[in-house]
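Trainee: In case you want the letters, here they are:
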Amino acid sequence: AQKVTQAQTEISVVEKEDVTLDCVYETRDTTYYLFWYKQPPSGELVFLIRRNSFDEQNEISGRYSWNFQKSTSSFNFTITASQVVDSAVYFCALSDPIYNQGGKLIFGQGTELSVKP
Amino acid sequence: GEEVAQTPKHLVRGEGQKAKLYCAPIKGHSYVFWYQQVLKNEFKFLISFQNENVFDETGMPKERFSAKCLPNSPCSLEIQATKLEDSAVYFCASSPGEGVYNEQFFGPGTRLTVL
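Protein chains in written order, with the numbering used here: chain W, 465 to 581; chain B, -17 to 97.
Note that these hints are calculated values from the structure, not bench results.
This one's a predicted model, so the numbers in the text were calculated from it and none came from an experiment.
Across the chosen pairs, the derived CB separations fall in these ranges:
id, chain 1, residue 1, chain 2, residue 2, range
1, W, P504, B, E34, 30 to 36 Å
2, B, G41, W, T494, 20 to 26 Å
3, B, L52, W, G507, 24 to 30 Å
Yeah, the Cβ is synthetic: ideal placement off N, Cα and C, and Gly gets one too.
Just need the whole structure built from these sequences, with the hints factored in.
Mentor: Given below as structure tokens:
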């Protein structure tokens, strides 16, 4: 069965610090997709990134970067020079690979990030 | 529309009453998903549709929950005889479902409170 684990329940940092959110996943399938979503205090879910299992290149988008390592089944997310606006709950998710074009998402428990000024 | 719309934003029901939630997916999207978020963090998949057909209903509590996506109407999620544990935020998401896998676009959610 698929599973996503975000072991860090809460993280608190001071503005401008770098912070890494961990995500470990379990799946028996060779084809799958991984995602990160942000849920700010207002409650909506904001899509951040999608990565397929065949693409292990790291990705950088502004202050955000993602490290995907199949060998350790991890898809970690780093925020560089954090800002107060980064305060939110961040979710890592794995797609159900059986239905490649419409698979449900399996979410981790979320990591609540608090960035203090 | 360009965004997934969910109504109502908030819904309060007494235990045992019926609750009905609505979702209008992004125009042109073929897939609709319903998720339940309990206690702020935990997401649970409920059901998905491909157009008006049920695609995956493995997460649906069969006894009291039902859902539909009819042509030219918003999709709906209905809970008969609500229980306290149904209190949650219910998110709808839609996906284009064409060619390479696309991400799911989430609506703002409906907060259901069962008293």
